[in-house]
Each structure stands twice: as C-alpha cells, then as structure tokens.
Amino acid sequence: GQNIDQPTEMTATEGAIVQINCTYQTSGFNGLFWYQQHAGEAPTFLSYNVLDGLEEKGRFSSFLSRSKGYSYLLLKELQMKDSASYLCAVRGGATNKLIFGTGTLLAVQP
Amino acid sequence: ETGVTQTPRHLVMGMTNKKSLKCEQHLGHNAMYWYKQSAKKPLELMFVYNFKEQTENNSVPSRFSPECPNSSHLFLHLHTLQPEDSALYLCASSQVTSGRWGGELFFGEGSRLTVL
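So the sequence lines, in the order shown, correspond to chains X and S.
Here the first sequence is numbered in this note's numbering, starting from 141 and rising by one per residue.
Here the second sequence is numbered in this note's numbering, starting from 850 and rising by one per residue.
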C-alpha cells in the first residue's frame, strides 16, 4: 500500500525560511506533488518531483530523494499569505493513484 | 470563470434525503475525480473517470453513486447518508497523458456536506 507522513502543524515568522518534510512509502513511484490549500479554498498545485534533486520555483523549492522516500517543501521570505495547509501527495501503486498526506498547517506570524 | 466549478457550496441533508453534488470543468480535461476531505484526515480518493468511463472506485459505499455524462460534468448522487459522511467533497480534473505522472489535478472549491 501507500503511506505518507508529514507534520500536522508548523509555525514560522514572516520573512523567515521554513522547511516542510514529507516521507512516503509506495511501490511503483511515479512522482511526488505538493499542493497549497488556504482555508475554505481549493487545493492548488505547487510542484512536481519525479527525479532526485531540487526544483526551484520562485520563493518555493521542492526536494526529492527517492532512495530515502523523502521530500521537503522549502518556503523562503515567508509572507503572511503563505499561511495555509501544504499537502504532500504521491502517485504510484498498482493503479497509479494519487494519494495525499494529512497536510501540514503552516501559520506565519508577524 | 473558474476552471472547476462545484455546486452547491454548502448542503445540509437528513439521513433519508436524496441529493446530488455537481461538478463542471472548463479546462478541456479528460479525467475527473471525487475526493473526500475530513478534518485531520488525508484527502481520500473516491472515484476516477477517464474519458467518461469509471476507472477507479476506492471501496466507496453504495450510498454514494457517481455519474459522468461527459468529460466536462461529474455528479455525486447521495442517498441514505450517515452523519459520519459529513465532510468537504472535492472535485478535480486533469489531462491524462501517455506519461505516468498523470497530470496535475485542478480542484474545485468543494461542497461542504452536513448530514443530520
């Protein structure tokens, strides 16, 4: 089966850097996604990693290590609007399903 | 107009009622999904449709009945639900390609369901 773990909550300060970790177990790995979800809104796509290494997109970067079953999302120069839930999701398994973790609720404080 | 539109945004129903959730995507995608989001739980995949054909039923109870009349519309028919079915129901769409990455999902804002 597939299993994803990420911290439930994190707090960080405006202007700082925060790293949200995600560990996973799956067979037939076909990529890891990060989504952002503000309260009461739809999840929106942030990043996709299928090869090892770091993908940078503006203030957000995502890292993947397939051998360790590990990813992180790095948010730089934090802004108040970054307060949201960050969902880690993995595609894989026999039917290539996209399975989500519980999400990490990030609170950015002044 | 948003890419994926869900109606109603909020629904309260009794356990004996029959109601339906509607999803419409304006992105020209060929796959549509229903997910259930409950507090403190991961998003749970319920159903997947590719080119109007159901390709995934994730052991969902029969009181939830999906319908996909075309690639742009998806319904979730609800009947004799239980209070524990109260949750946010999210619809999503994607463009399935020949690659295994499956495409990114575009979500609607969800239908908040309360079962009394």
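Don't read these hints as lab results, they were simulated from the structure.
It cannot be assumed that every hint is accurate.
Stated by the list, open to error - No more than 25 Å apart at the CA atoms, straight line, and that leaves these computed lysine to any residue pairs for SDA-like:
(1) S:Lys889 with X:Tyr212
(2) S:Lys890 with X:Gly193
(3) X:Lys237 with S:Val861
(4) S:Lys871 with X:Lys216
(5) S:Lys901 with X:Gln159
(6) X:Lys216 with X:Gly193
**Prompt:** Against which earlier hints does the structure fall short, listed by number upward?
**Reply:** Violated hints (numbers, rising): 2, 3, 4, 5; every other hint is consistent with the structure.
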